[in-house]
Amino acid sequence: MKERKTLPAGEALAAQAAEALPAPQPAAEGAQEGALVVNKKAFVRELAMKIVFIVAAALFVVVVGVICVYLLASAIPTIAEIGFVKFLFGSTWLPSSGYYGVGTLIVGTAYSTACALVIGVPVGLLVAVFMAFYCPRWLYKIMKPVTNILAGIPSIVYGYFGLVVIVPIVRESFGGGGTSLLATAIILGIMILPTIISISENALRAVPKSYFEGALALGATKERAIFRTMFPAAKSGVVTSVILGLGRAFGETAAVVLICGNAAIFPGSLLDPIRTLSSNIASELAYSTGLHREALIACAVVLFVFILFITVIVMLLRRKKR
Amino acid sequence: MAKQLVLKEGEVDTRGIVPINRQSFKDKLRAYLRKPCSFAGFLLVMLASLVTVALVLWILVYVLKQGIPYLKPKMFAWRWSYDNMSMLPSLINTLVISLISLAVAGIVGVFAAIFMVEYAKSTNIFVKIVRVAAETLSGIPSIVYGIFGMMFFVELLGWGYTLLGGALTMAMMILPLTMRTTEEALLAVPDSFREGSYALGAGKLRTIFVIILPAAIPGIVSGVILGLGRVVGETMALVYTAGSAFNVRYAAGPMGQGCTLTVYMYSLITEGNKYAGEAWAVAVVLVVLVVLINGAAEFVGNKLKKEY
Chain A
18 MKERKTLPAG EALAAQAAEA LPAPQPAAEG AQEGALVVNK KAFVRELAMK
68 IVFIVAAALF VVVVGVICVY LLASAIPTIA EIGFVKFLFG STWLPSSGYY
118 GVGTLIVGTA YSTACALVIG VPVGLLVAVF MAFYCPRWLY KIMKPVTNIL
168 AGIPSIVYGY FGLVVIVPIV RESFGGGGTS LLATAIILGI MILPTIISIS
218 ENALRAVPKS YFEGALALGA TKERAIFRTM FPAAKSGVVT SVILGLGRAF
268 GETAAVVLIC GNAAIFPGSL LDPIRTLSSN IASELAYSTG LHREALIACA
318 VVLFVFILFI TVIVMLLRRK KR
Chain B
73 MAKQLVLKEG EVDTRGIVPI NRQSFKDKLR AYLRKPCSFA GFLLVMLASL
123 VTVALVLWIL VYVLKQGIPY LKPKMFAWRW SYDNMSMLPS LINTLVISLI
173 SLAVAGIVGV FAAIFMVEYA KSTNIFVKIV RVAAETLSGI PSIVYGIFGM
223 MFFVELLGWG YTLLGGALTM AMMILPLTMR TTEEALLAVP DSFREGSYAL
273 GAGKLRTIFV IILPAAIPGI VSGVILGLGR VVGETMALVY TAGSAFNVRY
323 AAGPMGQGCT LTVYMYSLIT EGNKYAGEAW AVAVVLVVLV VLINGAAEFV
373 GNKLKKEY
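Residue numbers (our numbering), protein chains in the order written: chain A, 18 to 339; chain B, 73 to 380.
Honestly, the hints are just simulated from the structure, not real lab data. Since this is a predicted model, take the numbers as computed values, not measurements. Some hints could be false.
Using 27 Å as the maximum straight-line C-alpha spacing, the simulated DSS-like pairs for lysine-lysine come out as follows [claimed, not checked]:
#	chain 1	residue 1	chain 2	residue 2
1	B	K375	B	K146
2	A	K337	B	K107
3	A	K226	B	K107
4	A	K239	B	K276
5	A	K337	A	K252
6	A	K226	A	K252
7	A	K158	B	K100
8	A	K158	B	K200
9	B	K276	A	K67
10	B	K375	A	K58
11	A	K239	B	K98
12	A	K226	A	K337
13	A	K239	A	K158
14	A	K161	A	K252
15	A	K158	B	K107
16	A	K337	B	K193
17	A	K161	A	K239
18	A	K226	A	K158
19	B	K193	A	K67
20	B	K200	A	K67
21	B	K193	A	K58
22	A	K161	B	K137
23	A	K239	B	K107
24	B	K193	A	K57
25	A	K252	B	K200
26	B	K276	B	K137
27	A	K161	B	K375
28	B	K107	A	K252
29	B	K100	A	K226
30	A	K57	B	K276
Can you make the complete structure from the sequences, with help from the hints?
Next comes the structure, spelled out in structure tokens:
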């Protein structure tokens, strides 16, 4: 859309540039006029398409810019109206009585993400080790699609699976309502597995083979070589995978809203229901109006700002690796 | 009569030789028992992998078992009603949204990738900014996209809930994916292709469209298919942009409102236990679609590797 809008301008620019610049190959004296015209036409076409490509690339920046500006512009007045401290640190979310504190939601999000990492990271890293060092070729051809399927299953299916299978299991074996921090953490832990597996596996594979062989030659067992030599060498990639998994767990909505219990309280134990920032939005946006709705949008902005932080951290890590 | 072994020049009789580093199972076990920590590590690795595979199988089998009994022909009736709870309209809506978003994200992503690989130097500051932007886009949670799409397409542009709005929101989401995969595909095309084309007198544009893009097509297509997988599986970005209303009579056009398969499943679940079977049936269709899409992406992507 935007592209089409800027295209005529781009073409005009191209024409201008073509006029200002000399033709790429100034024809020798007496050369045919025709060839020159064709050359010029080709030049304009090349330049026009180059500008189209640049516009396409610039569109990325435009989209991010528009999202940033638009979200922040609509959230800042809301937060100012509610009061910055009251909004971020208030522990009561009761829109019907005018309380808009997202403290409990932030804590709920942080707890569910942390617990998901506790479940997902060890398993994910161990599976990554298996895929990088133990897996025979024929098995790898099965394991890779399996992890891809894990990544591809829609989050709503995970949520429903959690609601119908995991929640009753939690309820029967530990008591409580079932829809709880624990159930959320289990499902989120499963959901971040593929992210952690694939990125860590790539990081482990990128470590020079000589490190591994050197460790073996010095008498280390295979496991020692992997966990004491390869892992430290692949540290930045592994950390990146964990942070990306964190980002996924943090923003996950469709699965969480079904199984977290949606109670805006500080969870006292693993079996208490929680409410995350994202599930708060999903469960209330449909019927909200006025300030309530604005406050929900502000919740999305809190999520967004946090994800921006995560992106910056990931980028710094990548730079370090290079 | 014993068969005489005939050795060619340079060959060695290997029949009696046992490699000294060959470990039997017993040797391995003995070595492991001497190093319990290593043994524990080995067991943990195996256990985690087994658990993961078992988990995937469990989810797949459970979904299929619950859903297949409900996959009756009436679930695919042309018109939705409370009697048949047909998922066909939402399936068609999913298709419409996929087509539009893939077209937009495909074109913009491929063009941007062409710029990044063929035109710009990687030290260029603009290239760095675009990379940062792409990275940011790929990290934003879907609910934030949903909120943005709602504020921008539904309210600011005044479209209301439309499939087009949903599709454009999805296009923003999968832009970084199509760009990254296209970039990789373009980088995989050997430089000799470019040089040969230039040497024959082709311009840059002709080289890109006639030589490089056809060679990179498998990679690009596999990226687009992965994008399709994400669109099919997305819920939250579409609820507030394409509409979640429970009155999906027909499949909608691009400017109509309608729900996709995932959103339909979401609304079935939030209705309570009444439509559990139907929800599982939709889940089956979703999972089968996703597995097929993943397989297709893998298949096409492998083709790329074989060629060069």
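Report task. Given the hint that A:K226 pairs with B:K107, test it: the Cα-Cα distance must not exceed 27 Å. Result -> Distance ~23 Å between A:K226 and B:K107 Cα, so the pair holds.
Query raised in the report: Quick one, are A:K239 and B:K107 close enough, alpha carbons at most 27 Å?
Result: holds, 11 Å
**Report entry** Distance restraint between A:K239 and B:K98, which requires alpha-carbon spacing of 27 Å or less
**Finding:** holds, 16 Å
Report task. Would you mind confirming whether the straight-line C-alpha gap from A:K226 to A:K337 stays at or under 27 Å? Result -> Within the cut-off at roughly 21 Å; holds.
Report task. Starting from A:K239, check that the Cα of B:K276 is at most 27 Å away, please. Result -> With a Cα-Cα distance of about 51 Å, the restraint between A:K239 and B:K276 is violated, given a limit of 27 Å.
Requested in this report: Would you mind confirming whether the straight-line C-alpha gap from B:K193 to A:K67 stays at or under 27 Å?
Outcome: Distance of about 14 Å is within 27 Å: holds.
Query raised in the report: A:K158 and B:K100: Cα distance at most 27 Å?
Result: holds, 26 Å
Query - Restraint check for B:K200 with A:K67, where alpha carbons must lie at most 27 Å apart - result: Cα-Cα ~18 Å, so holds.
**Report entry** Hint consistency between A:K161 and B:K375 [alpha-carbon to alpha-carbon, up to 27 Å]
**Finding:** holds, 17 Å
Report task. Mind checking the alpha carbons of A:K161 and A:K252 for me, to see if they're no more than 27 Å apart? Result -> holds, 22 Å
Report task. Mind checking the alpha carbons of B:K276 and A:K67 for me, to see if they're no more than 27 Å apart? Result -> Between B:K276 and A:K67 the Cα gap is close to 10 Å, so the pair holds against 27 Å.
Query - Distance restraint between B:K193 and A:K57, which requires alpha-carbon spacing of 27 Å or less - result: With a Cα-Cα distance of about 25 Å, the restraint between B:K193 and A:K57 holds, given a limit of 27 Å.
Against the hints set out earlier in the document, violations occur for numbers 1, 2, 4, 8, 10, 15 and 26.
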